[in-house]
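Sequence lines, in order, name chains A and B.
So the first sequence is numbered by my numbering: it starts at 4 and just counts up by one.
So the second sequence is numbered by my numbering: it starts at 4 and just counts up by one.
Since the hints were derived computationally from the structure, they do not count as laboratory data.
Hints are supplied without guarantee of correctness; some may be wrong.
Note: identical chains are not told apart, hence a pair may lie in one copy or across any two.
What the hints assert, rightly or not - Below are the SDA-like pairs computed for lysine to any residue, each with C-alpha atoms no more than 25 angstroms apart in a straight line: (1) Lys43 - Asp18; (2) Lys22 - Gly83; (3) Lys63 - Gln25; (4) Lys13 - Glu37; (5) Lys43 - Gly83; (6) Lys63 - Glu37; (7) Lys13 - Val73; (8) Lys13 - Glu38; (9) Lys43 - Gln25; (10) Lys13 - Asp53.
A quick note: this is a predicted structure, and the numbers were derived from the prediction, not measured.
Now for the letters of each chain:
There are 2 protein chains.
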Amino acid sequence: MKATVHVTLKNGVLDPQGKAVQSALGGLGFAGVEEVRQGKVIELTLAETDPEAARASVEKMCRELLANTVIEDYRVDIEG
Amino acid sequence: MKATVHVTLKNGVLDPQGKAVQSALGGLGFAGVEEVRQGKVIELTLAETDPEAARASVEKMCRELLANTVIEDYRVDIEG
Numbered sequence: 004m005k006a007t008v009h010v011t012l013k014n015g016v017l018d019p020q021g022k023a024v025q026s027a028l029g030g031l032g033f034a035g036v037e038e039v040r041q042g043k044v045i046e047l048t049l050a051e052t053d054p055e056a057a058r059a060s061v062e063k064m065c066r067e068l069l070a071n072t073v074i075e076d077y078r079v080d081i082e083g
Numbered sequence: 004m005k006a007t008v009h010v011t012l013k014n015g016v017l018d019p020q021g022k023a024v025q026s027a028l029g030g031l032g033f034a035g036v037e038e039v040r041q042g043k044v045i046e047l048t049l050a051e052t053d054p055e056a057a058r059a060s061v062e063k064m065c066r067e068l069l070a071n072t073v074i075e076d077y078r079v080d081i082e083g
């Protein structure tokens, strides 16, 4: 079973990496880029076969390791 | 108009960051994690209002800056 976790900075948290990308895009001549936010995507392959158990387990992983919940949000998608 | 870019390592390219996460999850007692791959997600807010033009522009950004196409794949999603 596969799980995909998106970890993104919460709204209002400064994103220097996104700002750097935005500035670099401007330097390359891309106009009209109003905002850039950068996050992480983590793809997990799990031995677990029950979707509900897999989701519960991955959400626990997010809270304990994958995301810093003080400044980051996470979203878990489970696929067959 | 918003665009979301997923940048992931191509299959077969070693992912030391993913391996480190897998090993850390094992250390925290999560069993049955068979593989972990880590990538980037970049959310762009664009002034462009035409979806086709936005997609073309973002794909150009991917080729020129956001992805290293030698070792990485990218996927562009455009939303209203």
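Hints, one by one, checked against the model:
no., hint, in the structure
1, Lys43 - Asp18, "both (13 angstroms within a copy, 14 angstroms between copies)"
2, Lys22 - Gly83, "between (36 angstroms within a copy, 23 angstroms between copies)"
3, Lys63 - Gln25, "between (33 angstroms within a copy, 14 angstroms between copies)"
4, Lys13 - Glu37, "within (18 angstroms within a copy, 29 angstroms between copies)"
5, Lys43 - Gly83, "both (22 angstroms within a copy, 23 angstroms between copies)"
6, Lys63 - Glu37, "between (34 angstroms within a copy, 17 angstroms between copies)"
7, Lys13 - Val73, "within (9 angstroms within a copy, 31 angstroms between copies)"
8, Lys13 - Glu38, "within (14 angstroms within a copy, 27 angstroms between copies)"
9, Lys43 - Gln25, "both (17 angstroms within a copy, 15 angstroms between copies)"
10, Lys13 - Asp53, "neither (30 angstroms within a copy, 28 angstroms between copies)"
The structure does not agree with numbered hint 10 stated previously, though it agrees with all others.
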